[in-house]
Amino acid sequence: MAEHFEFAVIGAGPAGLAAAALAAQTGVAAVVLDEQPTLGGQIYRSIEQSPLSDSNILGDDYRIGEGLVWAFRASGARHLGGTDVWMVGTDRGIGLASDGKARIVTADRILIAVGSQERAVPFPGWTLPGVMTAGAGQILLKSAAVVPSDGVVLAGTGPLLFLIAAQYVRAGVSLKAVLDMTPRANYVRAAPYLPAALTAGNYIGKGLSYMREIRKAGVAVTGAVRDLRAVGGERLEAVTYSAAGRRHRIDTGLLMVHFGVIPNTSLSRSIGIDHEWDARQVCWRPRTDEWGNTSVDGIAVAGDCAGIWGAQAAAHAGRLAALEAARALGRIDTAERDGQAAPDRAFLRRDRRVRPFLEVLYSPESCLDAELEDDVLVCRCEEITAGQVRQAAQLGCMGPNQVKAFLRAGMGPCQGRQCGDTVARLTARAGGKSMAEVGFLRPRPPIKPISIETLAKIEEAAAAMPDIEQA
Amino acid sequence: MTRTFDTIVIGGGLHGCSAALHLAMRGQQVLVIEKNTVGRHASGVNAGGVRRLMRHPAEIPLAQASRELWQDIEGLVDDSCGFHSTAHVKAAENDKDIRILEERQRLVRDLGFEHEEMIDRAEVRRLVPAIAPHIVGGLVCRGDGFANPFRTTKAFRTKAESLGVTFREFTRVTALDRQADKWAAVTTDGVYQAPILVNCAGAWADVIAGWLGETVPLQPVGLMMIVTARVPHFNDPVVGLASRALSFKQTEHGSVLIGGALRTTADRDRETTRLDYARLARSGRTVSDVFPDLREIPVVRFWAGIEAYMPDEIPVIGPSRTSPGVFHAFGFSGHGFQLGPIVGRILAELASGAGSNLRLEPFDIGRFSGDEARPSSQGSTM
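Just so you know, the sequences run in chain order A and B.
Numbering of the first sequence is given in my numbering, commencing with residue 1 and proceeding in unit increments.
Numbering of the second sequence is given in my numbering, commencing with residue 1 and proceeding in unit increments.
These are calculated hints, taken from the structure and not from any lab test.
Heads up, a few of these hints could be off.
[What the hints assert, rightly or not] Some but not every residue of chain B turned toward chain A, in silico, with C-beta under 7 Å:
| hint | residue |
| --- | --- |
| 1 | LYS159 |
| 2 | ALA229 |
| 3 | ARG279 |
| 4 | ALA281 |
| 5 | GLY284 |
| 6 | ASP293 |
| 7 | LEU294 |
| 8 | ILE297 |
| 9 | VAL299 |
| 10 | PHE302 |
[To be verified] These stretches of chain B come out as covered by chain A in the derived footprint (C-beta under 8 Å, 3 or more residues):
| hint | segment |
| --- | --- |
| 11 | 99-107 |
| 12 | 147-154 |
| 13 | 285-292 |
[Stated by the list, open to error] Sample of chain A residues facing chain B (criterion: CB under 8 Å; computed from the structure):
| hint | residue |
| --- | --- |
| 14 | ILE104 |
| 15 | LEU377 |
| 16 | LEU395 |
| 17 | MET398 |
| 18 | ALA405 |
| 19 | GLY412 |
| 20 | PRO413 |
| 21 | PRO445 |
| 22 | PRO449 |
| 23 | SER451 |
| 24 | ILE458 |
Model, not experiment: these values are computed from the prediction.
Glycine included, each C-beta is placed from N, C-alpha and C at the ideal position.
Sequences and hints are given; from them, build the entire structure.
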């Protein structure tokens, strides 16, 4: 018999931890599956054993994560760390791999809580060694306390840009410049949403404090930056950009870029769950009800993988999904669910008031609007350029899945996590269509690579499994 | 508004696109109606094997004729289709396998063909250096190879369009109607007329045939493939095994494609397939045994396409037995890709009244009427 879980939660970030803990409290046997050996997800990575000498570097928010971990530890929910989820099927089979061994388990109910990923925005030179995403830099900082010694340029847009800058300043990193690519016009467009945003919690105040901290440290912040370019031969040598009506150049060996985060939907898309294009967040997200239920029975989503609402909202959304799981599994009735959910729903209603402001202010559209030069790489895995994608679109490829079949863009190990939306945007533009019309890449299992040998060792239990449905 | 063509092709797979191209080359006005997008199912996502080795005896003349077209595929469609002429090898893992392959070679020679050749252990190793030491010999067809299936289907479509063929995608034929000397195809996008209909509807072709009163035991089947990450070039031929399911090739991009008639269930109404992980795991074990050096390379993708199988695992090719001006080509049972170029030409010949000089009796749709399915043949899939 295949191993069976009552409630499988994929992801040990705020949504997953809160969901598993609350479900366990209602008597549901909950297990959290996560690729990392430790709890916390990306946002609270290594929270139980942060190697940073002074965890103040990471800020107060990081401490909220500690509370989630304690509640999880106390709840009796299980944790299977170091476990890759490489497949989920519509009949709730789950492919797991750990220590080079794969197995397929089943669950009565699944919650996908895999968080967000950074938005990949190609620009000239973005694939040069020495250019990395700010998130990748942040992960290094959190888990290994790696501090670049000879100075960093940080560029892009979004609230996380200034958080990262502040963290680097606290860690003693030399920041040569922060290049804020938020257009001035966005401030005007966002202004009407500010009053509501101010009632959501102290987000705006925090954002302003990061900016003050950066300026106080003497870091040069340039606003309304356009036409970012990474320059170099074998690796990055300099960054050039336009600001205040002329071109500028900064010599640097390390450029960190950040263009906001989008839901991590590789898994939900691979299952065939219905998704919708969110024009405000400029991303695809699974279509859900308030409890995180998706179009596939028994599979729910919560946290940033269902739409970018932030870490605190993720924990509350995780609780809603847990209450719905407890109801579906017969532990509580609908009235109990609704009663217990009231504080979480109230929190989310209030918390979400900040989003319209942030979404308009930090809209990535201006960064995505630039007409990519033909030779800019779009798909790094298969080395496909913007020019090739445009040509494929002119030859009649109507969307990213056809470009994938034609050019192999999105066929590499990342399965289009990085290039999928860019390819879709290029084909949409060539065909005069919207993103919603051209659709999204369908990733195929395994959504995380497993070796031939691991595949060969899928335990015999799998033979007794029902087939796993894939669109 | 009704529009009129010389021929309407139902189904925008490789065979439909090839038929349209060959008809257009003969000066016909052709419409291709496709319910999804061109090359969406078996034509776009098959393993891309261009193979004569181990063909059903009835298919050998067609495969030989198609090989001639593949040799100058760029001359036909203005694109290389990613075609690489290398070899297909069926490897023997033991003496019993050797006897199976020797018998196969005799059968082919008795039919008057020379393209399949027994080779010894050393020659297998020369052709496939990465193969495991327990391989004792094999059967080879030199000049077989592989191509990029979606690119190939697209190339046929693009060339056909350049010769004036009209393609209607996301358009479904909902009924057929005979009016005077013309067929009317009622579709989700209006009515189209033509004196000739060509049924290349793949895993949906029996529905079309059924409307014409021709019941065929077509079974929609999912065929699974395993794809690895790109690795440095190490292998040229396509490799199979005499008595285990395997089709193994390294593509020009470096990834390894593993298949071999890995059948699974398909739901053709929803256009979905299900992955059978037990069978995929078995394939993983086969590859581990035969290519031990590859055990560590990562699998990045499983996929399955929807293909039409006939009980005798050879296709239906030829005129309808009930309806004038209708020609069928479907049910290729997992090995239609190599035949695409020639089957299009055959259909164009039949549709223009010329007739084909290739023997089509074994593929007659009438073979299913009145009796139950024949036992499965020795045809194999690569």
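Hints and how they fare:
A hinted interface residue such as B:LYS159 counts as satisfied when its beta carbon comes closer than 7 Å to some beta carbon of chain A; here the least separation is about 12 Å, so the hint is violated. The beta carbon of B:ALA229 is positioned within 7 Å of a beta carbon in chain A (closest approach about 5 Å), and the interface hint is therefore held. For B:ARG279, the interface hint is violated, the least distance from its beta-carbon to any beta-carbon of chain A being 9 Å, above 7 Å. For B:ALA281, the interface hint holds, the least distance from its beta-carbon to any beta-carbon of chain A being 4 Å, beneath 7 Å.
Proximity of B:GLY284 to chain A holds as hinted, the smallest CB-CB distance being about 3 Å (cut-off 7 Å). Because the beta carbon of B:ASP293 sits about 10 Å from the nearest beta carbon in chain A, more than 7 Å, this interface hint is broken. A hinted interface residue such as B:LEU294 counts as satisfied when its beta carbon comes closer than 7 Å to some beta carbon of chain A; here the least separation is about 6 Å, so the hint holds. The beta carbon of B:ILE297 comes within 6 Å of a beta carbon in chain A, closer than 7 Å, and the hint placing it at the interface holds.
Given the 7 Å rule on beta carbons, the hint for B:VAL299 holds: about 6 Å separates it from the nearest Cβ of chain A. With a least beta-carbon distance of about 5 Å to chain A, the hint placing B:PHE302 at the interface is held under the 7 Å criterion. With 0 residues carrying a beta carbon less than 8 Å from a beta carbon of chain A, the segment 99-107 of chain B misses the three-residue requirement, and the given coverage is violated. Note: the segment 147-154 of chain B has 3 residues with beta-carbon separation from chain A under 8 Å; the three-residue rule is met and the coverage holds.
Taking a C-beta to C-beta cut-off of 8 Å, the segment 285-292 of chain B contributes 3 residues in contact with chain A, enough for the three needed, and the coverage statement holds. A cut of 8 Å between beta carbons decides the hint on A:ILE104: the least distance to chain B is about 6 Å, and the hint holds. Taking 8 Å as the C-beta cut-off, the interface hint given for A:LEU377 is violated, the closest approach to chain B being about 15 Å. Satisfaction of the interface hint for A:LEU395 is found here, the shortest Cβ-Cβ separation to chain B being roughly 6 Å, below the 8 Å cut-off.
With 8 Å as the threshold, the beta carbon of A:MET398 comes within range of chain B, its nearest partner Cβ sitting at about 7 Å, so the hint holds. About 4 Å separates the beta-carbon of A:ALA405 from the nearest beta-carbon of chain B, less than 8 Å, and the hint is met. A cut of 8 Å between beta carbons decides the hint on A:GLY412: the least distance to chain B is about 7 Å, and the hint holds. With its C-beta approaching chain B no nearer than about 5 Å, A:PRO413 sits inside the 8 Å limit, and its interface hint holds.
Given hint, A:PRO445 at the interface with chain B, holds; its Cβ is 5 Å from that chain's nearest Cβ, closer than 8 Å. Hint status for A:PRO449: holds, given a least beta-carbon distance of 3 Å to chain B, under 8 Å. Taken as an interface hint, A:SER451 checks out: its beta carbon lies about 5 Å from the nearest beta carbon of chain B, inside 8 Å. With its C-beta approaching chain B no nearer than about 4 Å, A:ILE458 sits inside the 8 Å limit, and its interface hint holds.
The structure fails hints 1, 3, 6, 11, 15 (numbered hints given earlier, in ascending order).
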